[in-house]
Amino acid sequence: MRSSVIVFPGSNCDRDITVALEKMQFKNEMVWHKETVLPKSDLIVIPGGFSYGDYLRSGAIAGKSLIIDEVIKAANGGCLVLGICNGFQILTETGLLKGTLQRNKNLKFINRDVFIKVVNNKTRFSLNYKKNQILNINIAHNEGNYFTDSKHLDELKNDNLIAFQYCDQIGEVSDETNPNGALENIAGIYNSKKNILGMMPHPERMIDNNISNTDGCSLFSSLLK
Amino acid sequence: MNITDKVIENHGLKKDEYKNIQKLLKRDPNFLELGIFSAMWNEHCSYKSSRKHLKKLPTKGKQVIQGPGENAGVVDIGDDDAIIFKIESHNHPSYIEPYQGAATGVGGILRDVFTMGARPIALLNSIHFGTPAHPKTKSLLNGVVSGIGGYGNCIGIPTVAGETKFSETYNENILVNAMAVGHAKKNKIFYSKAKGVNKAVVYVGSKTGRDGIHGASMASAEFDESSEEKKPTVQVGDPFTEKLLLEACLELMKDESIIAIQDMGAAGLTSSSVEMASKGSLGIELDLEKVPCREENMTPYEMMLSESQERMLIILEDNKEEYARKIFKKWDLDFVVIGKTTDTKNLVLKFNDEIKGEIPIEALSSKAPVYDRKWIRKKLPKKEIDIKKLKKISLEEGLIKILSSPNYSNKDWVTSQYDQMVMCDTLLKSGSDAAIIRIHNKDKAIAVSVDSSANYCNSHPITGGKQIVCENWRNLISVGAKPLAITNCLNFGNPENEKIMGEFAECLEGIKEACEYLNYPVVSGNVSFYNGTNKKNIFPTPVIGGVGLINNLNTYLSHHLKEEKNNLILIGKTFGHLGQSCFLKENYSISEGRPPEVNLLNEKNNGETVLNLINKNLIRSAHDVSSGGLITSLSEMAMSAKLGLKISKPRKLRNPTEYFFGEDQSRYILEVKNENLDKVQKYLKNNNIFYEIIGSTQKKYFEIEGEMKLDINDLCKINNQWYNNY
Numbered sequence: 002m003r004s005s006v007i008v009f010p011g012s013n014c015d016r017d018i019t020v021a022l023e024k025m026q027f028k029n030e031m032v033w034h035k036e037t038v039l040p041k042s043d044l045i046v047i048p049g050g051f052s053y054g055d056y057l058r059s060g061a062i063a064g065k066s067l068i069i070d071e072v073i074k075a076a077n078g079g080c081l082v083l084g085i086c087n088g089f090q091i092l093t094e095t096g097l098l099k100g101t102l103q104r105n106k107n108l109k110f111i112n113r114d115v116f117i118k119v120v121n122n123k124t125r126f127s128l129n130y131k132k133n134q135i136l137n138i139n140i141a142h143n144e145g146n147y148f149t150d151s152k153h154l155d156e157l158k159n160d161n162l163i164a165f166q167y168c169d170q171i172g173e174v175s176d177e178t179n180p181n182g183a184l185e186n187i188a189g190i191y192n193s194k195k196n197i198l199g200m201m202p203h204p205e206r207m208i209d210n211n212i213s214n215t216d217g218c219s220l221f222s223s224l225l226k
Numbered sequence: 179m180n181i182t183d184k185v186i187e188n189h190g191l192k193k194d195e196y197k198n199i200q201k202l203l204k205r206d207p208n209f210l211e212l213g214i215f216s217a218m219w220n221e222h223c224s225y226k227s228s229r230k231h232l233k234k235l236p237t238k239g240k241q242v243i244q245g246p247g248e249n250a251g252v253v254d255i256g257d258d259d260a261i262i263f264k265i266e267s268h269n270h271p272s273y274i275e276p277y278q279g280a281a282t283g284v285g286g287i288l289r290d291v292f293t294m295g296a297r298p299i300a301l302l303n304s305i306h307f308g309t310p311a312h313p314k315t316k317s318l319l320n321g322v323v324s325g326i327g328g329y330g331n332c333i334g335i336p337t338v339a340g341e342t343k344f345s346e347t348y349n350e351n352i353l354v355n356a357m358a359v360g361h362a363k364k365n366k367i368f369y370s371k372a373k374g375v376n377k378a379v380v381y382v383g384s385k386t387g388r389d390g391i392h393g394a395s396m397a398s399a400e401f402d403e404s405s406e407e408k409k410p411t412v413q414v415g416d417p418f419t420e421k422l423l424l425e426a427c428l429e430l431m432k433d434e435s436i437i438a439i440q441d442m443g444a445a446g447l448t449s450s451s452v453e454m455a456s457k458g459s460l461g462i463e464l465d466l467e468k469v470p471c472r473e474e475n476m477t478p479y480e481m482m483l484s485e486s487q488e489r490m491l492i493i494l495e496d497n498k499e500e501y502a503r504k505i506f507k508k509w510d511l512d513f514v515v516i517g518k519t520t521d522t523k524n525l526v527l528k529f530n531d532e533i534k535g536e537i538p539i540e541a542l543s544s545k546a547p548v549y550d551r552k553w554i555r556k557k558l559p560k561k562e563i564d565i566k567k568l569k570k571i572s573l574e575e576g577l578i579k580i581l582s583s584p585n586y587s588n589k590d591w592v593t594s595q596y597d598q599m600v601m602c603d604t605l606l607k608s609g610s611d612a613a614i615i616r617i618h619n620k621d622k623a624i625a626v627s628v629d630s631s632a633n634y635c636n637s638h639p640i641t642g643g644k645q646i647v648c649e650n651w652r653n654l655i656s657v658g659a660k661p662l663a664i665t666n667c668l669n670f671g672n673p674e675n676e677k678i679m680g681e682f683a684e685c686l687e688g689i690k691e692a693c694e695y696l697n698y699p700v701v702s703g704n705v706s707f708y709n710g711t712n713k714k715n716i717f718p719t720p721v722i723g724g725v726g727l728i729n730n731l732n733t734y735l736s737h738h739l740k741e742e743k744n745n746l747i748l749i750g751k752t753f754g755h756l757g758q759s760c761f762l763k764e765n766y767s768i769s770e771g772r773p774p775e776v777n778l779l780n781e782k783n784n785g786e787t788v789l790n791l792i793n794k795n796l797i798r799s800a801h802d803v804s805s806g807g808l809i810t811s812l813s814e815m816a817m818s819a820k821l822g823l824k825i826s827k828p829r830k831l832r833n834p835t836e837y838f839f840g841e842d843q844s845r846y847i848l849e850v851k852n853e854n855l856d857k858v859q860k861y862l863k864n865n866n867i868f869y870e871i872i873g874s875t876q877k878k879y880f881e882i883e884g885e886m887k888l889d890i891n892d893l894c895k896i897n898n899q900w901y902n903n904y
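If you read the protein sequences in the order shown, they are chains A and B.
Letter 135 of the first sequence, counting from 1, is numbered 136 in the working numbering, and no numbers are missing.
Letter 251 of the second sequence, counting from 1, is numbered 429 in the working numbering, and no numbers are missing.
Careful, some of the hints might be misleading.
DSSO-like cross-link-like pairs, simulated, lysine-lysine; straight-line CA separation at most 27 Å [claimed, not checked]:
| hint | chain 1 | residue 1 | chain 2 | residue 2 |
| --- | --- | --- | --- | --- |
| 1 | A | Lys106 | B | Lys316 |
| 2 | B | Lys507 | A | Lys109 |
| 3 | A | Lys109 | B | Lys233 |
| 4 | B | Lys607 | A | Lys24 |
| 5 | A | Lys35 | B | Lys457 |
| 6 | A | Lys106 | B | Lys314 |
| 7 | B | Lys620 | A | Lys24 |
| 8 | A | Lys65 | B | Lys504 |
| 9 | B | Lys201 | B | Lys457 |
| 10 | B | Lys432 | B | Lys366 |
| 11 | B | Lys201 | B | Lys570 |
| 12 | B | Lys508 | A | Lys109 |
| 13 | A | Lys194 | A | Lys132 |
| 14 | A | Lys106 | B | Lys528 |
| 15 | A | Lys28 | B | Lys620 |
| 16 | A | Lys65 | B | Lys507 |
| 17 | B | Lys226 | A | Lys35 |
| 18 | A | Lys109 | B | Lys607 |
| 19 | B | Lys508 | A | Lys65 |
| 20 | A | Lys106 | B | Lys895 |
| 21 | A | Lys35 | B | Lys204 |
| 22 | A | Lys109 | B | Lys570 |
| 23 | B | Lys373 | B | Lys523 |
| 24 | B | Lys432 | A | Lys28 |
| 25 | B | Lys895 | A | Lys35 |
| 26 | A | Lys35 | B | Lys508 |
| 27 | B | Lys366 | B | Lys556 |
| 28 | B | Lys763 | B | Lys713 |
| 29 | B | Lys622 | A | Lys24 |
| 30 | A | Lys28 | B | Lys508 |
| 31 | A | Lys106 | B | Lys589 |
| 32 | B | Lys226 | B | Lys523 |
| 33 | A | Lys24 | B | Lys363 |
| 34 | B | Lys385 | A | Lys65 |
| 35 | A | Lys74 | B | Lys508 |
| 36 | B | Lys504 | B | Lys226 |
| 37 | B | Lys557 | B | Lys197 |
FYI, nobody ran anything at the bench for these hints, they're computed from the structure.
Next up, chain A with everything else stripped away, as it sits in the complex (with noise of 0.2 Å):
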């Protein structure tokens, strides 16, 4: 599997993503945010950080940026994107996934482990989690509170596009393990051809026993398929 992160200045997880992927055996590239082609690539990952500083709306200048165009292009051709936490907030700002992600309910930056439910484990992305399967993973976001019309949310529901919730140890999905304010628990979501997954917890940070746990394993592992 080969796979290119894409660095915007201000990212600062793609360091992480790298290790991660790298772990996980993939061919990885970064790939600087003024460069015009693509490497070959069957996973593009838009990682997290604040592009550009984030001081207009989070990821909206990445959104416009030059290397954008051709991850678009990719991705409408059916190549794999992971967008985590700014990354998430990015493809949103592209429209490659639809909705928004607002200010956190509480008006602060949040960074703590919370439970998420894996509610789709039919993807690319999950193929390697039970469903409903409970994963304990970090969150570091000042906007995560995702929202969409009903119209989308309805689709999102009927076509089992929402990737993952958030809950409690038991998988409850309740306002007591709402973090951030986000629209039904949602904590990532799909494309309706489910190659583009979008996501505010961050998986590259639970791979390793020694500073987390390894909950995130599976979804490279699944990718590697």
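Dock chain B against the given chain A, drawing on the hints supplied.
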């Protein structure tokens, strides 16, 4: 502009200091030159009141690669790795404009570290606020915490440890101290000493604006009613540009292009150029019209004194200009040659070929004033508190009062606003005795902790100074790290007051004594005087930031209890000292008495023995006993693991209150498995360590025989409520 007495006073210069300037220049300074003297001769940049005392601190050791005097201190951690670290205050700006003040405090200290070639790997902070009831506290707390988080989170460096405290003494003058820790290769460390004549002086980074003009002078004066008007002297932070600057500098540093590099911190372009020239015994000539400006019509005076953030000054090797320019262009940063080194030993400032100012470098550095200020000793308080005369409080009541107080409450509200995990090397985060950061791609780690004990220092500065160094040392040992060196941030009141100067001198005596005894040298630091408003000074608050080494990732520890039915051993003697204790303060509002005595011999023996036991893998968890006493430390071990413990009543117990809340020093609690108990006891006896087996771990209850039994979940609730209700 005419230089009147008023102008001189506004520049923070005393009359005799001005006379001294006239003597050094052999003429009157012009307005630009006066501004430059003011920037370099203020307390913040010149250390004029503190220098004499700082000289006494131990700064050397086998582990030290670079001590004080550079942008940051450097220690050796084996192989080809070095750790570069420093702490700095940003107190005054944070009180005026909490978000930007705290954010730029973080940005400034990060630059000190990456200027030397290190990739920053951890941020820490020590923040002190007034009482929660004070009308300003809530907004200051909110602003400072989100400012620290805002900068660190954006630049992508984990904020892993710190302390957040409240006390009346900071009502009108909060403390915001930020520490940065970086990792570099030993043979790739960059210094600020200029070498060679006619070398290009390059300005890189953000453009210069009018923000922060005279920031360093503001930090060198007391506050009064007009302080709010000083908002424009607070700098504005841009962590995004700092991230670019960090990556661009580290990229350039891979090559051999840089002769010297210095960040533009306090006193901006002035201090960075003077410092590099002074260290190299050279002169420097700047063409100020070339300085990249953010605003129109900026004068040389404004350019030289601006404290705009995210800027660096680099002296480049010949023929490296184009190579370096390309790197900065890639990162969309300004890169302009604004001058050159000379052999005149003068700072020459030109604007459109006209000389606007000329000052001998040594007048700004080695000939800057140094004061031997008067100081007086503080007497050890005579009065000891007789607790038999106080209303009796049960252990349970006393503990609950402590755990629900602002200072001892769970700090999740604060730390969850900081990204603690980015860079994926955080092995142990906030809430532990010390945080642990793995060296990327290596099987070793460093432990870091910041500590202060203002109440102890106020009561008896020598003891207090000793105690913080020891507490910091103990915190590193508790996680299994060998303490290497410290950085200190010395927050004090007005040094022109002989009592305050005495607090400073005596705290330093204590710090010196402990550092020497423990082979724990000071490698960097910062002095912040004039913390006070309208003649009311803060308690002396030296803050110690320590770094320790963990050579084997299999031996570090957290203070979380690990499993049931393990033994709990208390290392060190318990006398039951309650003077200056958190128990008296939280339960009776009594803040009198002496601080606990610090016995350096015991400190060293106990610490080294505990560290050896941890390294032998004989310990399951460890925690130092500090403020709040034994009972508080035990509850912290239990709450963090949601496990219980049962403490048997000690034989010959004089007074349970003193035993459980006393703050005697040099103590640790160790969790030991049954199978290792004999080995551990034997080792302790062989090393002449005083210890007691005080109880064992169990399910869900914190129990003290015959005194109390509390559900751990209830205790957690009590401990978690304060911030959420504030």
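Verification of the hints:
1. Lys106/A / Lys316/B: 20 Å, holds
2. Lys507/B / Lys109/A: Violated. Lys507/B to Lys109/A sits at ~34 Å, over the 27 Å cutoff.
3. Lys109/A / Lys233/B: Roughly 44 Å between the alpha carbons, so the hint for Lys109/A and Lys233/B is violated.
4. Lys607/B / Lys24/A: Between Lys607/B and Lys24/A the Cα gap is close to 24 Å, so the pair holds against 27 Å.
5. Lys35/A / Lys457/B: Violated, at roughly 40 Å.
6. Lys106/A / Lys314/B: 24 Å, holds
7. Lys620/B / Lys24/A: Holds, at roughly 15 Å.
8. Lys65/A / Lys504/B: 24 Å, holds
9. Lys201/B / Lys457/B: Answer holds: Lys201/B to Lys457/B is near 23 Å, not above 27 Å.
10. Lys432/B / Lys366/B: Holds - the C-alpha atoms of Lys366/B and Lys432/B are around 8 Å apart, at most 27 Å.
11. Lys201/B / Lys570/B: Judged against 27 Å, a Cα distance of about 68 Å means the pair is violated.
12. Lys508/B / Lys109/A: 33 Å, violated
13. Lys194/A / Lys132/A: Status holds; Cα separation ~19 Å.
14. Lys106/A / Lys528/B: Roughly 53 Å separates the two Cα atoms, so the pair is violated.
15. Lys28/A / Lys620/B: Status holds; Cα separation ~22 Å.
16. Lys65/A / Lys507/B: 20 Å, holds
17. Lys226/B / Lys35/A: Violated: Lys226/B and Lys35/A sit about 49 Å apart, past 27 Å.
18. Lys109/A / Lys607/B: 20 Å, holds
19. Lys508/B / Lys65/A: 18 Å, holds
20. Lys106/A / Lys895/B: Judged against 27 Å, a Cα distance of about 23 Å means the pair holds.
21. Lys35/A / Lys204/B: 55 Å, violated
22. Lys109/A / Lys570/B: 42 Å, violated
23. Lys373/B / Lys523/B: 12 Å, holds
24. Lys432/B / Lys28/A: 25 Å, holds
25. Lys895/B / Lys35/A: 51 Å, violated
26. Lys35/A / Lys508/B: Roughly 9 Å separates the two Cα atoms, so the pair holds.
27. Lys366/B / Lys556/B: 46 Å, violated
28. Lys763/B / Lys713/B: 25 Å, holds
29. Lys622/B / Lys24/A: 19 Å, holds
30. Lys28/A / Lys508/B: Between Lys28/A and Lys508/B the Cα gap is close to 25 Å, so the pair holds against 27 Å.
31. Lys106/A / Lys589/B: Given that 27 Å is the threshold and the Cα spacing comes to 20 Å, the pair holds.
32. Lys226/B / Lys523/B: 22 Å, holds
33. Lys24/A / Lys363/B: 24 Å, holds
34. Lys385/B / Lys65/A: Holds: Lys385/B and Lys65/A sit about 25 Å apart, inside 27 Å.
35. Lys74/A / Lys508/B: 25 Å, holds
36. Lys504/B / Lys226/B: Measuring from Cα to Cα gives roughly 41 Å; hence the hint is violated.
37. Lys557/B / Lys197/B: Violated - the C-alpha atoms of Lys197/B and Lys557/B are around 38 Å apart, more than 27 Å.
When held up to the earlier numbered hints, the structure conflicts with 2, 3, 5, 11, 12, 14, 17, 21, 22, 25, 27, 36 and 37 and fits the remainder.
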